[in-house]
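One letter stands for each residue in the lines below.
Protein chains: 2
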Amino acid sequence: MFYIIGLGLGDPEDITVKGLNIVKNCERIYLESYTSILSCGQEKLEEYYGKKLILADREMVEQRADEILEGADTQSIAFLVVGDPFGATTHTDLMLRAKEKGIKTSIVHNASIMNAVGCCGLQLYHFGETVSIPYWDDSWKPDSFYDKIVANLKHGLHTLCLLDIKVKEPTLESLMKKKREYMPPRFMSVSEAAGQLLEIVASKHADEADGMGSQKEHRLSDNSLVVGLARVGHETQQIIACSLKEMQNIDLGPPLHSLIIPNINLHPLEKEFLQQFAALDEPL
Amino acid sequence: MFYIIGLGLGDPEDITVKGLNIVKNCERIYLESYTSILSCGQEKLEEYYGKKLILADREMVEQRADEILEGADTQSIAFLVVGDPFGATTHTDLMLRAKEKGIKTSIVHNASIMNAVGCCGLQLYHFGETVSIPYWDDSWKPDSFYDKIVANLKHGLHTLCLLDIKVKEPTLESLMKKKREYMPPRFMSVSEAAGQLLEIVASKHADEADGMGSQKEHRLSDNSLVVGLARVGHETQQIIACSLKEMQNIDLGPPLHSLIIPNINLHPLEKEFLQQFAALDEPL
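Each protein sequence line maps, in turn, to chains A and B. Counting in the UniProt record's numbering, the first sequence runs without a single skipped number right up to 284 at its last residue. Counting in the UniProt record's numbering, the second sequence runs without a single skipped number right up to 284 at its last residue.
Same shape as in the complex, but just chain A:
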């Protein structure tokens, strides 16, 4: 049997009882290590399970799936995923590859950022499409996610922005060599995400006159309320609500971070709940 097991978001103890019992009886255990990270780190997991974990990076999962699935027709193999198993496309693909080989699969669900984000008090059924904010570089500054945020605002919906993760990215120079060398891992902070959003706001609306009335409601501005979240589900979790401009100067500490662009017209209960995270002692 091939098990894909969600680990939840914070500590080793965020695994479900079902998941833990399976892990303890598996011959090989892989830990997916490129779409997310667990706040507690790999060593703590190994200590908790009393077992060694095999780190599975993008290259292994996407190009050496056979190796991961080897023997799963007769043995129990576990593939651990931070959050829920269905958070990333490649895990769905892995299940399909297993089925093709006639290997039985079993899923153990868990919390992921997609539902745990409710911890800030914004109601999950008021969220629209989730967007991803990628790291920009000098030559590549994609901003299509901005249009999705605006579309959500138009429909009175919040937007969850997942922030970029770069793990084990080969350096440009090493791509030409036989031996790959990797850049240090990077995790986008709410401050960096706010910086990129401010740049988009400045370039898109630079030539707009003031006084556009209702149209202005449906776009971001420097003063738009945003919510920053760090290490959701972990005991060091932090949430802060402030303007986009202020968010650029907020340091929420170690990864992972997420950013929410709330809809303008908050439900009174959402407002009351968010108020406790307000950066300034002023009503939101």
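By construction, these hints were calculated from the structure, which means they are not laboratory data. We put the beta carbon where it would ideally sit given N, CA and C, even for glycine. Treat the hints with care, as some may be off.
[Unchecked claim] So the derived label-pair ranges between C-beta atoms look like this: (1) A:S139 <-> B:Q75: 55 to 65 angstroms; (2) A:E100 <-> B:A279: 18 to 28 angstroms; (3) B:E62 <-> A:P283: 18 to 28 angstroms.
[Stated by the list, open to error] Residues on chain B that point at chain A, a partial pick, calculated with CB under 10 angstroms: (4) Q42; (5) A88; (6) T89.
Dock chain B against chain A, hints included.
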């Protein structure tokens, strides 16, 4: 401390290790019993914990929160929720009431239908706003959720439809008496939901001429592909993909059910994954 603990979706063992350790040390344990139900039932939970549970219905949670929170400043009280703690507005409210009283709160996250729905292979970041489909009666047939489905289709997004639950609803007659009497619990099936959607489709588009081209893509028809899910996360989980018309005749067994209206243009991987759930042996 007041703990709000997500139970996940299926068995007693879907609780996290963290959650179970807390439950075992709590003085009183409430089980929220009106926004969802656990496939395994209350007795199995009590047996698993070795503890009695106090059932918390809507009336208790919304009007007698003080009773639930009593003593939580010095004792450990747990409030168990099927899925994740932030699935329903009233749980957010309960947290605010606790904070008002100076009672510390702690959340233990878990899987909920909002993220576990990824098990059908449709990617979570391709979902738009979630809608709720309420039971109709002779005089009240709200259909505003239909416009939200259409808006999602227009943006190329899937819609998760949460289906109505009626638990401990007083009978109309008993509202006038001193002693409340309750209707038997009802849980909307995918078949019932499809029936209501077909009625809306028939009434909204009855007078439309054929050949509307791209406009037709953005509305539902009898032949639209829909996905029915039952008991997600439980070992008896069932998923079926078929037309809206066919779904009306599908019996997925005991609750809870959910229905998905997928976007027309599926990603190849989504299509490949969904294919294994096709009701007919034809390509989707």
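How the hints compare with the structure:
At about 60 angstroms, the CB distance of S139 of chain A to Q75 of chain B agrees with the hint of 55 to 65 angstroms. Range check, E100 of chain A to A279 of chain B: Cβ separation about 22 angstroms, and the 18 to 28 angstroms hint holds. For E62 of chain B paired with P283 of chain A, a C-beta distance near 26 angstroms keeps the hint of 18 to 28 angstroms intact. A cut of 10 angstroms between beta carbons decides the hint on Q42 of chain B: the least distance to chain A is about 18 angstroms, and the hint is violated.
The interface hint given for A88 of chain B holds, since its Cβ lies 9 angstroms from the closest Cβ of chain A, which is under the 10 angstroms cut-off. Taking 10 angstroms as the C-beta cut-off, the interface hint given for T89 of chain B holds, the closest approach to chain A being about 6 angstroms.
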